[in-house]
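Peer 1: Residue numbers (the working numbering), protein chains in the order written: chain A, 1 to 425; chain B, 1001 to 1136.
For the record, the hints were derived by calculation from the structure and aren't laboratory data. Glycine included, each C-beta is placed from N, C-alpha and C at the ideal position. Heads up, none of these hints are tricks.
Stretch by stretch, here's where chain A covers chain B in the computed footprint (C-beta under 8 Å, at least three residues):
(1) 1004-1014
(2) 1043-1049
(3) 1053-1067
(4) 1117-1129
If the Cβ cut is set under 7 Å, some of the chain A residues that face chain B in the computed set are:
(5) Glu30
(6) Val33
(7) Leu34
(8) Arg243
(9) Pro359
(10) Thr363
(11) Arg376
(12) Leu377
(13) Trp378
(14) Leu380
(15) Ala384
(16) Ala387
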Amino acid sequence: MNTSLSPRVAGLLTVAGTGAVAGLATGRPELVVLATPFLLLVAAGLALAVPPRLVIELELTRERLLEGDQTRVTATIRNEHDSGLELELALERSARLAVEPAEPIMLRLGPREQTSVEFTAAPLRWGVHTVGPLALSTRDPLGITLARARLGAQLTLRVFPREQQLRQLVAPSRTQPFVGSHVARGRGDGIEFADLRPFTSGDRVRQVNWRASARRQTLYVTERHPEHASDVVLLLDTFAEARAGATGTLDAAVRATATLARAHLARRDRVALVDFGATLQWLGPAFGTTQLYRIVDALLASEIAFSYAWRAVESIPRRVLPPAALILAVTALLDERSVRLVSELRRRGADVTVVEVSPLDYTPPGHGLTDAAAYRLWRLEREAIRARLQSLGIGVAVWDEKSALGPALEEVNAFRRSARHVLSA
Amino acid sequence: MTLLAEIALVVLAAVAVTIGVALLPKPVRTIHGRRAPVSASRPEQLIRLERLVGMSATDTLQAHAYLRPLLVEISQRRLAASGRSLEQMSDADGARLLGDRLWDLVRPNRPFPEDRDAPGIAPRELARMLEVLERL
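Work out the full structure: start from the sequences and follow the hints.
Peer 2: Have a look at this one:
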């Protein structure tokens, strides 16, 4: 507990001092007598002040939440002292965690009494939030001393990004030789029809297409496309963001990345994550639910950190970028380093798609002619960047958080179908 | 007797004043949960352009060295969508399509400005050029 004198002490001492000085100056002892009780009040207050002994316990009803949910925080306060006390208490809050009630609560505790207070914590976005401690303030009975403290544990509240439902994904141009849900370009055992060809030795009888064979008077077999899995690398750009209050492009980018990770893992793809920004973090490719938890957990730590460091493709470990992987870069395209990175990956033959989180919603145009012209120029420059990427064969899905991600990905698929010759280069 | 009465009166008055002060309402809201400031960040990409537009308005060198390459790239990309390019355009076609001022700025092999003290491109003029580009 941090104990200090209450602001009223200054007033009391001023009155007492004035009375004493006036008494000395005028030679009237009545004034000194008049001032003495003020001094006595301060002295009594100091003598009566005993440091409060409090035990605080904080408890969360739920330690893991989805964005938009809220949890109850129960604070149990026990007065270990033999005298009662009056308390003001508030739960510490941050810019990303709203707490109700936000105003301090007044509380009176009797000797050895225990009570509970409930707060509601509502995170404003995904992430690892800290709940607590409690900020407390108490006074002695005469209001002369003021004790302040921050007591109670700091609890960790993990808030997972809210994901969208995706029916359509970016179809990878190449697949891996594992069983999955993507129709591969090659021929093999599968469901999707590929072609007919004359029977050759080694073909199985069940492959024979009897209808075609009867029509052509010779044996023909049906060839099919196998269903294979693909490797997907999710590249999250954390170089820069546009932010308006509690929301920003990084928040949306993390939600999109989590959505894509869940959708691809559900289709039995191997998914890797690269957090590409001032700090480089990655998770190697893997299948399954465990990988989804790993990815979402890693995403919760995503932060924009300012850096001048230039990062090239070489800084990403090779094992994280498997050959023939589909690279989905989730970026606001606000930093030249990210644009260079995806261009460089494409130039090296990688199959790259950009999910552009539009920063326009978070960036209102400035006032005045200069700022308005700069804003229009900025929009045109961003279009030029997009066109530059598309000329390399990189599909760009422009997505803002108010709309669904699926249609944006469908546009990319349409682009990829039309630019197949570029992609296969 | 009078003196004693006076003393008693003063002491009573002092006690009354002190009790009055002690009974004054205590100030409330002495504590607050700490709250980090909510940030709002404009993209560096946009801030750079705002600076560039501002400087290009007064300095022709800035306009030529920094604003021109940007306008050239934007023009190229937008013209490419309709199968045209700056390099293949004649002066007459370029001026007709882009307007005299924009064509003069983005035309290939534009010489370095001779008059270094000449004014640059005013925001109003730039806005007109952007309007042309947006229409392409």
